[in-house]
Amino acid sequence: MIFLSTKRILKFSWQHFWRNIWLSIVTMTIIVLTLFSLTTLVLVNAIADYAVNSVKDTIDVSLYFDNSIKEETVQALEKELEKIEEIKEITRVSPADALAEFKEVHKDDADIQAALAELDKNPLGGTLILTAFNMDQYPLIMEKIKELKADQLAEKIDYNDHQKLIERINGFSNKLRNFVLALSIIFIFIAVLTVLNTIRMGIYIHRTEIAIMRLVGASNWFIRLPFIVEGLLYAIFGCLIFWGAWALALYFSGDWINSFLTGINFDIRAYFNSNILNILGFEFIIIAVINMISAVLAMSKHLKV
Amino acid sequence: MIELRNVSKTYNNGTEAVKNITLHIKPGEFVSLVGRSGTGKTTLVKMLVAEERPTEGRIILGGWDITRIKTADIPMLRRQIGVVFQDYKLLPRKTVFENVAFALEVASYSKKHIQEAVPQILALVGLEPKANEFPDELSGGQQQRVSIARALAHRPKILIADEPTGNLDSVNTREIIDLLLKINNFKTTVMLVTHNRDVVNSLRKRVVALEDGKIAYDQERGRYIL
Ligand SMILES: Nc1ncnc2c1ncn2[C@@H]1O[C@H](COP(=O)(O)OP(=O)(O)OP(=O)(O)O)[C@@H](O)[C@H]1O
Ligand SMILES: [Mg+2]
Chain A
3 MIFLSTKRIL
13 KFSWQHFWRN
23 IWLSIVTMTI
33 IVLTLFSLTT
43 LVLVNAIADY
53 AVNSVKDTID
63 VSLYFDNSIK
73 EETVQALEKE
83 LEKIEEIKEI
93 TRVSPADALA
103 EFKEVHKDDA
113 DIQAALAELD
123 KNPLGGTLIL
133 TAFNMDQYPL
143 IMEKIKELKA
153 DQLAEKIDYN
163 DHQKLIERIN
173 GFSNKLRNFV
183 LALSIIFIFI
193 AVLTVLNTIR
203 MGIYIHRTEI
213 AIMRLVGASN
223 WFIRLPFIVE
233 GLLYAIFGCL
243 IFWGAWALAL
253 YFSGDWINSF
263 LTGINFDIRA
273 YFNSNILNIL
283 GFEFIIIAVI
293 NMISAVLAMS
303 KHLKV
Chain B
16 MIELRNVSKT
26 YNNGTEAVKN
36 ITLHIKPGEF
46 VSLVGRSGTG
56 KTTLVKMLVA
66 EERPTEGRII
76 LGGWDITRIK
86 TADIPMLRRQ
96 IGVVFQDYKL
106 LPRKTVFENV
116 AFALEVASYS
126 KKHIQEAVPQ
136 ILALVGLEPK
146 ANEFPDELSG
156 GQQQRVSIAR
166 ALAHRPKILI
176 ADEPTGNLDS
186 VNTREIIDLL
196 LKINNFKTTV
206 MLVTHNRDVV
216 NSLRKRVVAL
226 EDGKIAYDQE
236 RGRYIL
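First to last, the sequence lines map onto chains A and B.
Taken in order, the first sequence gives residues 3 to 307; the numbers are from our numbering.
Taken in order, the second sequence gives residues 16 to 241; the numbers are from our numbering.
This is chain B alone, in the form it adopts within the complex:
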């Protein structure tokens, strides 16, 4: 599903953020990407959604070589990968429903489809009762669930979460991780970028650890060792 072949990324200022990474993630896998700050985790995520281009190597997603993807094709790619971040990136003047609907609106989905799909997704993340509330009326964990709901709007095959629990307490963190597991159960490939040792250790799923832009270890049922 996700294939990186000898991928390196050097930023314009000379920072070598990712160095010769080769990684294969199968469809339906749940992978945790761990590593200290500044080891290139976010850089890797950005390359997967074509926000950054690799300096070397190739990236293939579901058979689609996106290494030299055309600007015009990037929207198509982003509809096939859902991404969530530590800061939920919600629109404060839109309700929960509208925030999720937004992803479908800008992709020219019909109003009918939106009216049907959004409540389903909100039900999946457990936010149906909050549909008409605004982001600042929600807890951090609820806001992140809205963000996840929006990332799922296009029913992507891949969901990437870059430190989704970075701003959350342990209870909310647990809820978000459980939600990601639930989504993974529906055959969505999930990549979780995290610093949270407890989370990684409790997951008992595949762990890929980065150190200084390189893969330090890659284990099935791994633990956070670094």
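If we strip away everything but chain A, and leave its shape as in the complex, we get:
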């Protein structure tokens, strides 16, 4: 019996949807725009996080040694540094490796090649590159380096925490995020008004039917549920339409969008592929809740029992 009622309620909802098709289309359009805005919000957040993280990944401390320092000394220091638990990884570049790399980088520069050929001794010293488990540990690592007097041994210590860059990325992305958030809230507000109006119209169009349903003893949920399901139908179709369009857009212009993001190595397709369920769920729940709240609001005002 429950199954039977469900089927009939779905039938009524479907009729509501179709008899009001123009308003249904307007409603779904607003829902699609709301979804676009929400997806942009998700995307802005993801790209900002990704950008900050990729900057954080480049943070390290480099200790450059003069070529007068023996390799054994550097290796001994490396052993000491390995005891610092905040350090995740130490990369040692030997003078020979440094020279090989230098030659490789400047292989097309005849002057430099010629100058190097003149030298009988390697002019470059070794380097130790330290990375921490996370960026907050660098100040501590710097202190420990000083305790080991490594700063006196090294010719130069290079530590850039990219604080300024991270702040700039965060500042910019926060502004963008707030803008898109405000836009999303406006769209959600318009969506609520639109769904409310559509369902209000639906109640008006079906007023005779509703009066007769009451007259013949239809239960209240039988009268009300079709409107709530109608709201859900807008949510479902709105999501399907938007996601279809979004998938097509990604398929055809994903490369083009990625070309703006090469600096941070962000792949928009990969991002959506791996987060699709979360994003779909998040957006569908928001849209479904908007629609059902609007339906309930419309009924509380226009469908008194």
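Just so you know, the hints here were simulated from the structure itself, not pulled from any lab data.
Do not rely on the hints blindly, as some may be mistaken.
For lysine-lysine, the following PhoX-like pairs were computed, each having C-alpha atoms within a straight-line distance of at most 20 Å [unchecked claim]:
id, chain 1, residue 1, chain 2, residue 2
1, B, LYS202, A, LYS306
2, B, LYS220, B, LYS202
3, A, LYS9, B, LYS127
4, A, LYS13, B, LYS109
5, B, LYS126, A, LYS9
6, B, LYS109, A, LYS9
7, B, LYS126, A, LYS13
8, A, LYS123, A, LYS105
9, A, LYS306, B, LYS61
10, B, LYS127, A, LYS13
Label pairs and their computed distance ranges (CB to CB) [to be verified]:
id, chain 1, residue 1, chain 2, residue 2, range
11, A, ASN222, B, GLU235, 32 to 42 Å
12, A, PHE254, B, THR86, 47 to 57 Å
13, B, THR86, A, SER255, 47 to 57 Å
14, B, ARG238, A, TRP20, 27 to 37 Å
15, B, LYS127, A, ARG271, 30 to 40 Å
16, B, GLU152, A, TYR206, 57 to 67 Å
17, B, GLY141, A, TYR206, 34 to 44 Å
18, B, ILE84, A, PHE284, 42 to 52 Å
Partner residues are not named here, just some residues of chain A that face chain B (Cβ under 7 Å, in silico) [claimed, not checked]:
id, residue
19, THR8
20, ARG10
21, ILE214
22, MET215
23, VAL218
24, ALA220
25, TRP223
Note that beta-carbon positions come from the ideal geometry of N, C-alpha and C, so glycine has one too.
Assemble the complex: chain A is given as a structure, and chain B with the ligands must be docked to it using the hints.
Same frame as chain A, now just chain B with the ligands:
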């Protein structure tokens, strides 16, 4: 079957539509409710189907005190009382069959039950051949018969007809009244609200007359005197 005890109804605007009415209608009775316009007949009908609540007094239907009925219970009540009105209240885009089936559909009856029950009811009101026609293809009397068929869909113990013949000529009126009598013969309690003097006088059944919200007279085998 229908019991009103000292029932009064004052609308929010202060109109006293029904004043201290006490009335008892036995199961299987046929009662005509008569009276001039604005004497509270429809108000009484609305209170019986819980569309309006009495301001004072109690209403008991078949042992069920509906005076303070819960909103959630109203559908149950309406499945036990069939009501028809002067304007048939049919759905224009549904066929005769579908209009009657509608009452059963919204009450979660199975398709099988609907397919069996609707033709029986249509046969009872003499509309089986018109099952697939739309309301605007029918005469007024036929439309009212559809409305009666729908009111009977739940096999109610009580049928209330509020001026069912108000829009009909004398031939159609006669047919509708005969149909109500036929339904009454199947032990359904019938309450007929009417202005039609000839109908009341020819019925020779109980007549309750209202005047200014009060019972003016209540007679077995009564006549329309007002
Ligand atoms: N919803 C309402 N609000 C306020 N007053 C109402 C309402 N419905 C009816 N009335 C008033 O109550 C009184 C009784 O009305 P009711 O409809 O019961 O009369 P009636 O006997 O059915 O009349 P008629 O024969 O014309 O149908 C009238 O004075 C009417 O104006
Ligand atoms: Mg009336």
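Do the hints match the structure? See the list:
Using a Cα cut-off of 20 Å, the hinted pair LYS202 (chain B) and LYS306 (chain A) is violated, with the two alpha carbons roughly 35 Å apart. At roughly 15 Å between alpha-carbon atoms, LYS220 (chain B) and LYS202 (chain B) fall within 20 Å of each other, so this suggested pair holds. This hinted pair checks out: LYS9 (chain A) and LYS127 (chain B) have alpha carbons roughly 15 Å apart, not beyond 20 Å. Distance hint between LYS13 (chain A) and LYS109 (chain B) is fulfilled; the C-alpha atoms sit about 15 Å from each other, no more than 20 Å.
This hinted pair checks out: LYS126 (chain B) and LYS9 (chain A) have alpha carbons roughly 11 Å apart, not beyond 20 Å. Taking the CA atoms of LYS109 (chain B) and LYS9 (chain A), the gap is about 19 Å. The hint holds against a cut of 20 Å. A hinted pair counts as satisfied when its Cα atoms are at most 20 Å apart, and LYS126 (chain B) with LYS13 (chain A) qualifies at roughly 14 Å. Between LYS123 (chain A) and LYS105 (chain A), the direct Cα distance comes to roughly 14 Å. Compliance with the 20 Å bound is thereby established for this hinted pair.
Taken as a hint, the LYS306 (chain A) and LYS61 (chain B) pair is honoured in the structure, with Cα atoms around 16 Å apart against an allowance of 20 Å. Pair hint LYS127 (chain B) plus LYS13 (chain A) holds up; C-alpha atoms about 18 Å apart against a cutoff of 20 Å. At about 40 Å, the beta-carbon gap between ASN222 (chain A) and GLU235 (chain B) stays in the expected band of 32 to 42 Å. For the hinted restraint 47 to 57 Å between PHE254 (chain A) and THR86 (chain B), the CB-CB distance of approximately 54 Å keeps it satisfied.
Take THR86 (chain B) and SER255 (chain A): their Cβ atoms lie about 55 Å apart, and the range 47 to 57 Å holds. Evaluation of the 27 to 37 Å hint for ARG238 (chain B) and TRP20 (chain A) yields a failure: the beta carbon distance comes to about 54 Å. Our hint of 30 to 40 Å for LYS127 (chain B) and ARG271 (chain A) is violated, since their Cβ atoms are close to 53 Å apart. Distance hint for GLU152 (chain B) and TYR206 (chain A): a CB-CB separation of about 27 Å, inconsistent with the stated range 57 to 67 Å.
Under the hint 34 to 44 Å, the C-beta atoms of GLY141 (chain B) and TYR206 (chain A), about 36 Å apart, fit the expected range. Between ILE84 (chain B) and PHE284 (chain A) the C-beta distance comes to about 44 Å, which sits within the given range of 42 to 52 Å. Of the supplied interface hints, the one on THR8 (chain A) is violated, with its beta-carbon coming no nearer than about 10 Å to a beta-carbon of chain B, more than 7 Å. The beta carbon of ARG10 (chain A) comes within 6 Å of a beta carbon in chain B, closer than 7 Å, and the hint placing it at the interface holds.
Annotation: interface hint on ILE214 (chain A) holds; nearest CB of chain B at approximately 6 Å, less than 7 Å. With its C-beta approaching chain B no nearer than about 5 Å, MET215 (chain A) sits inside the 7 Å limit, and its interface hint holds. Checking VAL218 (chain A) against chain B by beta carbon gives a least distance of about 4 Å; that is within 7 Å, so the hint holds. This hint holds: ALA220 (chain A) has a C-beta 3 Å from the nearest C-beta of chain B, less than the 7 Å allowed.
Of the supplied interface hints, the one on TRP223 (chain A) is violated, with its beta-carbon coming no nearer than about 9 Å to a beta-carbon of chain B, more than 7 Å.
The structure does not agree with the numbered hints 1, 14, 15, 16, 19 and 25 stated previously, though it agrees with the rest.
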